Amino acid sequence: MGWGENRKVCHQTFIIFIVLFLSAAVAVPAMSVAGALNVKGLPRQPYRC
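Residues 1 to 49 in the working numbering are what the sequence shown spells out, letter by letter.
Source of the hints: derived by calculation from the structure; they are not laboratory data.
Here the structure is a predicted model, which means the values were calculated and not measured.
Do not rely on the hints blindly, as some may be mistaken.
[Said to hold, decoys possible] Quick list of the computed label-pair ranges, beta carbon to beta carbon:
| id | residue 1 | residue 2 | range |
| --- | --- | --- | --- |
| 1 | THR13 | ALA34 | 23 to 33 angstroms |
| 2 | CYS10 | ALA30 | 23 to 33 angstroms |
| 3 | ALA34 | PHE14 | 42 to 52 angstroms |
| 4 | ASN6 | LEU37 | 40 to 50 angstroms |
| 5 | LYS8 | MET31 | 33 to 43 angstroms |
| 6 | ILE15 | ALA36 | 27 to 37 angstroms |
| 7 | GLY35 | ILE15 | 29 to 39 angstroms |
| 8 | ASN6 | ALA36 | 43 to 53 angstroms |
C-beta: ideal position from N, C-alpha, C; glycine also.
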C-alpha cells in the first residue's frame, strides 16, 4: 500500500466524518422542531433511517 493510497483512505475517512457531523448538526434541531410540532398535536411520522 503506497503513500498515495493511504492518503486517499484518510481523505475518505475525513469526508465521512464531516458528513456525519453535518447530518448530526441538522438532525438535532430537526428532531427538536419535530418534537415541538408533535406536542401541538400533529400526526407523528416515524423517522426512517
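Status of each hint after checking the structure:
no.: 1; hint: THR13 / ALA34: 23 to 33 angstroms; verdict: holds (31 angstroms)
no.: 2; hint: CYS10 / ALA30: 23 to 33 angstroms; verdict: holds (30 angstroms)
no.: 3; hint: ALA34 / PHE14: 42 to 52 angstroms; verdict: violated (30 angstroms)
no.: 4; hint: ASN6 / LEU37: 40 to 50 angstroms; verdict: holds (47 angstroms)
no.: 5; hint: LYS8 / MET31: 33 to 43 angstroms; verdict: holds (34 angstroms)
no.: 6; hint: ILE15 / ALA36: 27 to 37 angstroms; verdict: holds (32 angstroms)
no.: 7; hint: GLY35 / ILE15: 29 to 39 angstroms; verdict: holds (30 angstroms)
no.: 8; hint: ASN6 / ALA36: 43 to 53 angstroms; verdict: holds (46 angstroms)
The structure does not agree with numbered hint 3 stated previously, though it agrees with all others.
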